[in-house]
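**Student:** Here's the letter readout for the chains.
There are 2 protein chains.
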Amino acid sequence: MSENRSTILQISLELFARRGYEAVGIQEIVDSAGITKPTLYHYFGSKSGLLEILLKESFTPFLTRLADAARYSGDVTNTLQAVASYSLQFAGQNPSLFRFYLTTQVAPLDSEPYQAGKFIHLEQQRILQELFLKAAQDHGNMKGRHIAYAASFLGLVNTYALLAVNGEITSVDNLVNQVVHQFMHGIFS
Amino acid sequence: MSENRSTILQISLELFARRGYEAVGIQEIVDSAGITKPTLYHYFGSKSGLLEILLKESFTPFLTRLADAARYSGDVTNTLQAVASYSLQFAGQNPSLFRFYLTTQVAPLDSEPYQAGKFIHLEQQRILQELFLKAAQDHGNMKGRHIAYAASFLGLVNTYALLAVNGEITSVDNLVNQVVHQFMHGIFS
DNA sequence: AAGACAGTATACCGTTCGGTATACTTGGCT
DNA sequence: AGCCAAGTATACCGAACGGTATACTGTCTT
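Listed in order, the protein sequences are those of chains A and B.
Each step along the first sequence adds one to the number in the numbering used here, with nothing skipped, and position 88 is 88.
One gets the numbering used here by counting positions in the second sequence from 1 and adding 189 to each.
By construction, these hints were calculated from the structure, which means they are not laboratory data.
We put the CB at the ideal spot given by N, CA and C, even for glycine.
Any given hint could turn out to be false.
[Stated by the list, open to error] Computed far set for chain B versus chain A, every beta-carbon distance over 10 Å:
hint : residue
1    : Ser191
2    : Glu192
3    : Thr228
4    : Phe233
5    : Thr292
6    : Asp299
7    : Leu311
8    : Leu343
9    : Gln371
[Claimed, not checked] Straight-line Cα separation of at most 30 Å, DSBU-like style, residue types lysine-lysine; simulated pairs:
hint : chain 1 : residue 1 : chain 2 : residue 2
10   : B       : Lys236    : A       : Lys37
11   : B       : Lys307    : A       : Lys47
12   : A       : Lys118    : B       : Lys236
13   : B       : Lys236    : B       : Lys226
14   : A       : Lys47     : A       : Lys37
Given the sequences, and given the hints that come with them, work out the whole structure.
**Tutor:** And the structure:
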């Protein structure tokens with residue numbers, strides 16, 4: 001049922017990821033999907049509605065599982081490894097989605113992509129800040145830095161994920177360990 | 190002489206940074222600048238020409254000085270501090286430019302902003318890879334990782350610079366030390 | 001059998017897009 | 001004075017933009 005709806009979502013994601021949200025027209029989407037405009041407007045109401053639904057449906061399950069992975073177990077390294085592992089795995093399995101998500105995160109604050117993707121990195125930051133806040137109770141030297149830690153850990157994960165997706169890094173097997181280790185102990189050691 | 194030219198550059202940067210390259214029309218630029226279309230086309234030839242010249246003129250001096258700061262002196266920490274210091278300083282003094290530069294870096298590969306800004310992060314990566322390559326001669330455990338190191342150091346600097354520009358981080362005084370220390374020794378210690 | 005409703009297509013709307021042909025003004029040079 | 005070239009404005013171009021009014025088709029319910 002409603003095969004056209006999922007076709008539109010899939011095609012538009014591919015186009016948005018490759019050429020950018022603003023550069024892609026409605027006409028181009030419906031042509032690529034083999035349908036017509038009213039069909040798209042029937043399901044999504046507007047171009048920005050399509051964008052919102054696309055991000056919402058793609059990332060709600062991701063965020064739920066990320067919150068599970070980030071539940072602090074008393075071992076910071078283990079928890080961070082779970083977070084990095086799931087994030088990198090998700091990025092590897094959905095390269096177009098991950099690329100597009102990155103563009104929304106850094107897009108201009110007034111742009112539609114940023115506004116539509118805001119909930120994703122707000123929730124990501126909330127999850128990680130909570131993790132580092134709890135961890136700081138066990139590790140005094142981490143106190144008062146949970147915001148910076150959350151941001152820089154996310155930045156590091158995203159950086160390595162982008163390298164992997166771009167094929168600029170070959171061995172992905174121990175990428176998780178590499179990311180977490182670098183975050184915890186730096187490049188020395 | 191040619192005050193209009195620099196007005197166009199300044200206004201268009203502000204608009205691109207706030208709303209995104211594709212979302213901003215030529216008409217809007219010339220209206221904001223108080224001039225007309227032919228004037229803009231006289232100086233820049235096209236919208237993409239404006240973008241190219243804008244990035245070229247803004248970042249050529251930045252890259253030159255960055256290369257100076259990144260000259261390896263035998264002390265990795267010192268050199269990285271010089272790089273981070275100059276980068277954060279430049280970002281702080283040109284917040285709009287820095288924001289827009291970040292969007293070009295993560296923009297879709299086929300988009301005009303990415304293509305126009307490609308030379309910047311290619312040169313940044315080249316500079317830092319060279320630095321880490323030379324440093325690896327003194328520090329054996331860094332060998333074979335210069336690509337990942339360059340990427341993740343840049344990612345870390347950009348992450349903190351964005352936090353600072355967004356006002357999510359207050360104390361900027363020891364930000365440089367914080368970035369370099371985290372990169373070298375991790376969050377522990 | 002009849003109606004309701006979701007889904008889809010044809011054809012069109014006004015607006016804005018990037019870009020330009022043409023002409024006027026201005027300054028400096030000969 | 002006469003000319004040239006840079007710089008700027010008026011007015012316009014065809015194409016593409018996001019979006020929609022209307023009508024047709026099927027399927028499912030009653």
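**Student:** Hint check: Lys47/A vs Lys37/A, CA-CA at most 30 Å. Holds or violated?
**Tutor:** Measuring from Cα to Cα gives roughly 11 Å; hence the hint holds.
**Student:** Evaluate the condition: distance from the CB of Phe233/B to the nearest CB of chain A exceeds 10 Å.
**Tutor:** Per Cβ check, Phe233/B is outside 10 Å of chain A; nearest 20 Å; holds.
**Student:** Verify that the Cβ of Thr228/B lies farther than 10 Å from every Cβ atom of chain A, and report whether the claim holds or is violated.
**Tutor:** holds, 25 Å
**Student:** At 10 Å, judged by beta carbons, does Gln371/B keep clear of chain A as stated?
**Tutor:** It is violated; Gln371/B is separated from chain A by about 7 Å at its closest Cβ, not greater than 10 Å.
**Student:** Lys307/B and Lys47/A were given as a pair; does the straight-line alpha-carbon distance stay at or below 30 Å?
**Tutor:** Between Lys307/B and Lys47/A the Cα gap is close to 29 Å, so the pair holds against 30 Å.
**Student:** Report holds if the minimum CB distance from Leu311/B to chain A is greater than 10 Å, and violated otherwise.
**Tutor:** With a cut-off of 10 Å, Leu311/B remains clear of chain A, as the shortest Cβ separation is near 12 Å.
**Student:** Assess, step by step, whether the Cα of Lys118/A is no farther than 30 Å from the Cα of Lys236/B, and give holds or violated.
**Tutor:** Holds, at about 29 Å.
**Student:** Just to be careful, I want the Cα atoms of Lys236/B and Lys37/A compared with a cutoff of 30 Å; is the pair within it?
**Tutor:** Roughly 29 Å between the alpha carbons, so the hint for Lys236/B and Lys37/A holds.
**Student:** Just checking, Ser191/B versus chain A, shortest CB gap more than 10 Å?
**Tutor:** Since the minimum Cβ distance to chain A is about 28 Å, Ser191/B lies beyond 10 Å and the statement holds.
**Student:** Please check whether the beta-carbon of Leu343/B is more than 10 Å away from every beta-carbon in chain A.
**Tutor:** It is violated; Leu343/B is separated from chain A by about 8 Å at its closest Cβ, not greater than 10 Å.
**Student:** For Thr292/B, which was marked as not at the interface, is the minimum beta-carbon distance to chain A over 10 Å?
**Tutor:** violated, 5 Å
**Student:** Grab the minimum beta-carbon distance between Glu192/B and chain A and tell me whether it stays above 10 Å.
**Tutor:** At roughly 27 Å from the nearest Cβ of chain A, Glu192/B sits farther out than 10 Å, so the non-interface label holds.
Of the numbered hints given earlier, the model fails hints 5, 6, 8, 9; all others are met.
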